[in-house]
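Enquirer: Model the full assembly from the supplied sequences, consistent with the hints where possible.
2 protein chains.
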Amino acid sequence: MPQDSHTAIAVDAMGGDHAPAVVVEGALDAVRETTGRFSVVLVGKKEAIDRELQKHPDTATLSRHLDIVHASEVIDMQDTPTAALKTKRDSSIGVGLQLHRTGTVQAFVSAGNTGAVMSASTLILGRIPGVGRPTIGTLIPTAKGRALLVDAGANVDCRPNHLLEFAVMGSIYASAMLGKANPSVGLLNIGEEESKGNEAAQEAHRLLKASRLNFVGNVEGRDILKGTADVVVCDGFVGNILLKFGESIPAFFKAKFTAYAAGSPVRKLVGLVARGGLRSIMKELDYQEHGGVPLLGVNGVSIIGHGGSTPKAIKNMIFRAEEMVTRDVLLGIKNALAQYS
Amino acid sequence: MPQDSHTAIAVDAMGGDHAPAVVVEGALDAVRETTGRFSVVLVGKKEAIDRELQKHPDTATLSRHLDIVHASEVIDMQDTPTAALKTKRDSSIGVGLQLHRTGTVQAFVSAGNTGAVMSASTLILGRIPGVGRPTIGTLIPTAKGRALLVDAGANVDCRPNHLLEFAVMGSIYASAMLGKANPSVGLLNIGEEESKGNEAAQEAHRLLKASRLNFVGNVEGRDILKGTADVVVCDGFVGNILLKFGESIPAFFKAKFTAYAAGSPVRKLVGLVARGGLRSIMKELDYQEHGGVPLLGVNGVSIIGHGGSTPKAIKNMIFRAEEMVTRDVLLGIKNALAQYS
Chain E
1 MPQDSHTAIA VDAMGGDHAP AVVVEGALDA VRETTGRFSV VLVGKKEAID
51 RELQKHPDTA TLSRHLDIVH ASEVIDMQDT PTAALKTKRD SSIGVGLQLH
101 RTGTVQAFVS AGNTGAVMSA STLILGRIPG VGRPTIGTLI PTAKGRALLV
151 DAGANVDCRP NHLLEFAVMG SIYASAMLGK ANPSVGLLNI GEEESKGNEA
201 AQEAHRLLKA SRLNFVGNVE GRDILKGTAD VVVCDGFVGN ILLKFGESIP
251 AFFKAKFTAY AAGSPVRKLV GLVARGGLRS IMKELDYQEH GGVPLLGVNG
301 VSIIGHGGST PKAIKNMIFR AEEMVTRDVL LGIKNALAQY S
Chain G
1 MPQDSHTAIA VDAMGGDHAP AVVVEGALDA VRETTGRFSV VLVGKKEAID
51 RELQKHPDTA TLSRHLDIVH ASEVIDMQDT PTAALKTKRD SSIGVGLQLH
101 RTGTVQAFVS AGNTGAVMSA STLILGRIPG VGRPTIGTLI PTAKGRALLV
151 DAGANVDCRP NHLLEFAVMG SIYASAMLGK ANPSVGLLNI GEEESKGNEA
201 AQEAHRLLKA SRLNFVGNVE GRDILKGTAD VVVCDGFVGN ILLKFGESIP
251 AFFKAKFTAY AAGSPVRKLV GLVARGGLRS IMKELDYQEH GGVPLLGVNG
301 VSIIGHGGST PKAIKNMIFR AEEMVTRDVL LGIKNALAQY S
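Residue numbers (our numbering), protein chains in the order written: chain E, 1 to 341; chain G, 1 to 341.
To be clear, the hints were calculated from the coordinates, so they are not data collected in a lab.
Fair warning: there could be bad hints in the mix.
Any copy will do: because identical chains look the same in the list, a pair fits if it lies in one copy or spans two.
Claimed, not checked - Below are the EDC-like pairs computed for lysine to aspartate or glutamate, each with C-alpha atoms no more than 16 Å apart in a straight line:
{"hint": "1", "residue 1": "Lys88", "residue 2": "Asp76"}
{"hint": "2", "residue 1": "Lys334", "residue 2": "Glu33"}
{"hint": "3", "residue 1": "Lys196", "residue 2": "Asp157"}
{"hint": "4", "residue 1": "Lys45", "residue 2": "Asp76"}
{"hint": "5", "residue 1": "Lys244", "residue 2": "Glu192"}
{"hint": "6", "residue 1": "Lys144", "residue 2": "Glu25"}
{"hint": "7", "residue 1": "Lys209", "residue 2": "Asp17"}
{"hint": "8", "residue 1": "Lys283", "residue 2": "Asp29"}
{"hint": "9", "residue 1": "Lys196", "residue 2": "Asp79"}
{"hint": "10", "residue 1": "Lys312", "residue 2": "Asp67"}
{"hint": "11", "residue 1": "Lys46", "residue 2": "Asp157"}
{"hint": "12", "residue 1": "Lys196", "residue 2": "Glu220"}
{"hint": "13", "residue 1": "Lys268", "residue 2": "Asp58"}
{"hint": "14", "residue 1": "Lys268", "residue 2": "Glu47"}
{"hint": "15", "residue 1": "Lys283", "residue 2": "Asp17"}
{"hint": "16", "residue 1": "Lys226", "residue 2": "Asp29"}
{"hint": "17", "residue 1": "Lys256", "residue 2": "Asp157"}
{"hint": "18", "residue 1": "Lys256", "residue 2": "Asp58"}
{"hint": "19", "residue 1": "Lys334", "residue 2": "Glu203"}
{"hint": "20", "residue 1": "Lys209", "residue 2": "Glu247"}
Note that the structure is a prediction, hence the values are computed from the model and not measured.
Expert: Listed below in structure tokens is the structure:
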């Protein structure tokens, strides 16, 4: 193991649609940009990883901050999570998380099978006391900066106390990542009044109101991008749909703008001139810029990325993992949840 | 009552934040643009309506296509729907819907208290046989044209058979309004596989698959703007949140673009050049352009608009009501539902 840095992060070299090439490239980028700040442990088929490393001329220079841990098996995107974890005992996901559990690394990052990473993280790292359901929170752009949407797809059927847990964990994560001491928490609902929404939402409102969180009440769909709340709480069914909808907006605008520009020579010129500005705005909506999402509630730092992650996304996932470690989000969540048990 | 046209549409003159001024203006615009094609019956406080009519110099010319029916009471935006319907027996909403029930008019349009219009429409017009829950469907822009999101907020807790009803009614409405013979129907869910989603979604998938609809399976949040399905079915909790989120996108982009343009003189110039193009794209996302939404499943044509409707939105709501009448959407829905009972 590398000895020269405080934090070591295990990266699932086999996770993602273009692994290991893209993962190795992203990991090298992360190490190159931050030489010595942390080290990366690439987990997966050693030969394949070595082959990728050799394609990069400065691998030797960076090797002090790099290590490889062999794992002979790969859980594919098509694998059923629970079954794959049983049959593929030596998977890169399992081995990487074991490195974390035993303290060899302080975080685990994967762009592989999301369900498998979630299940394995919960099984291997365990849950923090007081957590019924680990959750995924996603930072989204708003007019005021960024907000955390939680749950972003991990739990489709939620009870009100799960929503409270998401709010508590999301509040700590948002506080650490957005640098806000006491982030505002809103319950995503269909109206401002307490009596609005389905039964789960009404009961969750009551629980949140009684909590020590900075609860600002219900927020509606239109409030999310306004930045009305720093933490927007919802179940994973709504969160997943909303998040994927949001991710599709840039492509929609691009298509509309292209169609507009094709309308006349003047419009074409307008399109050419405006392209840069639009691109810069769309960039904010692009998840690749921000890296993966954390699985909150497990006893460790586990970051999950899109299968289609680019090297940049992998790099940003690693940066996010490091941030979570250095800002001790895990301890913060443990302390916050202890107040509710 | 006006005798010179085939269709008469009752308009709630007292409904909306700026009634009756905005409503009267929108109604006059509708009549002016379509002289003789249909007539409008303004329902509400006669004196107040007359006063507004007198502000428009061509009222006399248009009067052949206009009528006023007095209603002494107004249900406010703050009123509790069911209570208000009991205490305010002579409300513009109640009187207008009675005109529809008795056949004096063929449609009713209101930008007033949404809950009250929904309850009163269901009570006074009754439900179509086979309808458990009347629903609201909203047309939204997609890369391919437009799609119908149903339920858009009328029913927060839905059973699987309600989702099937929404799909059947939405399919007929989309067919008539989008001009597609056999519109594709998608179930909004968190993944493509049948096994995805909460229990209600899984059972609804089974019902839709067994139906005679052109069911294309689950669609995800990212598929909505792509136009993967002509009719996107979901419960009203998800639909309301998604719709309000979508409506907030233009303001978000405007804020981001303004901030971008403020960055440098060159960017300012880019902003000025691109403004027209952006505005034209944003226009598509603006509900004011498209008018109100229909309450599907009641035994009549009832169109509900935003409280903040402009004269243009009121005009478009009236046009939509006329379209629904001339394309006989009501009969289409009755026939389609008869196949399932």
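Enquirer: When the structure is checked against the list of hints, which entries are broken? Sort them ascending.
Expert: 2, 6, 7, 8, 10, 11, 13, 14, 15, 16, 17, 18, 19 and 20
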